[in-house]
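Visitor: Sequence:
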Amino acid sequence: MELSVNEEIVAREATENDIESAIRGLRSSGDDSFAILTLFENSFIQTVFADDGYGLEYKKDDDLFGCYDELNEDAVIKAFVYYLNRDERLKTEYTWEPVEY
Numbered sequence: 001m002e003l004s005v006n007e008e009i010v011a012r013e014a015t016e017n018d019i020e021s022a023i024r025g026l027r028s029s030g031d032d033s034f035a036i037l038t039l040f041e042n043s044f045i046q047t048v049f050a051d052d053g054y055g056l057e058y059k060k061d062d063d064l065f066g067c068y069d070e071l072n073e074d075a076v077i078k079a080f081v082y083y084l085n086r087d088e089r090l091k092t093e094y095t096w097e098p099v100e101y
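Residues in the sequence shown are numbered from 1 upward in steps of one, following the numbering used here.
These are calculated hints, taken from the structure and not from any lab test. Treat the hints loosely; a few may be bogus.
[Unchecked claim] Using 30 Å as the maximum straight-line C-alpha spacing, the simulated DSSO-like pairs for lysine-lysine come out as follows:
id	residue 1	residue 2
1	K60	K91
2	K78	K60
3	K59	K91
4	K91	K78
5	K78	K59
[To be verified] The following label-pair restraints were derived from C-beta to C-beta distances:
id	residue 1	residue 2	range
6	E88	F40	28 to 34 Å
7	S29	D74	25 to 31 Å
8	D61	R27	27 to 33 Å
9	Y68	S43	17 to 23 Å
10	Y68	E13	16 to 22 Å
11	D31	Y68	14 to 20 Å
12	R24	D69	28 to 34 Å
13	F40	N6	20 to 26 Å
Being a predicted model, the structure only gives us computed values, none of them experimental. Note that the Cβ used here is the ideal one computed from N, Cα and C, for glycine as well.
Could you put together the complete structure from these sequences and hints?
Guide: Below, the structure written as structure tokens:
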């Protein structure tokens with residue numbers, strides 16, 4: 001899976017360490033910094049950093065879901081690692097709501 005931060009590819013075959021470094025680095029890049037882990041063109045997980053916390057969304061085909069829980073870095077890293085490993089806990093340990101776009 002490809003990992004990008006602020007539209008720059010940081011890993012073409014992302015590892016858990018790549019994910020942790022990328023997410024932890026968002027804070028130093030400032031508000032609206034974001035990371036995306038892409039499986040296919042229409043399948044990805046993404047996060048955005050803001051002073052009030054992290055936003056988290058994932059997309060599978062035509063369906064986009066948002067998690068509006070209060071999330072810290074560790075929770076976002078965990079979600080990305082679940083996605084990387086195709087771990088179904090991503091769908092059960094977070095509260096997801098459909099996003100209309």
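Visitor: Each hint: holds or not?
Guide: Hints and how they fare:
The straight-line distance between the Cα atoms of K60 and K91 is roughly 12 Å, inside the 30 Å bound, and the hint therefore holds. Proposed proximity of K78 and K60 is supported: the alpha carbons are some 18 Å apart, at most 30 Å. Restraint check for K59 and K91: the C-alpha separation of about 12 Å stays at or below 30 Å, so the hint holds. Of the pairs offered as hints, the one joining K91 and K78 holds, with about 12 Å between alpha carbons and a cut-off of 30 Å not exceeded.
Between the alpha carbons of K78 and K59 the distance comes to roughly 17 Å, so the proposed pair stays at or under 30 Å and holds. As the Cβ distance of E88 to F40 is approximately 18 Å, the hint placing it in 28 to 34 Å is violated. Checked against the hint of 25 to 31 Å, the pair S29 and D74 fails, with Cβ atoms roughly 18 Å apart. The given range of 27 to 33 Å is respected by D61 and R27, whose C-beta atoms sit roughly 31 Å from each other.
Distance hint check: the CB atoms of Y68 and S43 are about 21 Å apart, consistent with the given range 17 to 23 Å. For Y68 and E13, the hinted distance range of 16 to 22 Å is not satisfied, since their beta carbons lie about 31 Å from each other. Remark: the range hint 14 to 20 Å for D31 to Y68 is upheld by a beta-carbon distance near 18 Å. Under the hint 28 to 34 Å, the C-beta atoms of R24 and D69, about 19 Å apart, miss the expected range.
Between F40 and N6, the C-beta spacing of about 21 Å keeps the proposed range 20 to 26 Å intact.
Hints 6, 7, 10 and 12, counting from the list given before, are not met by this structure.
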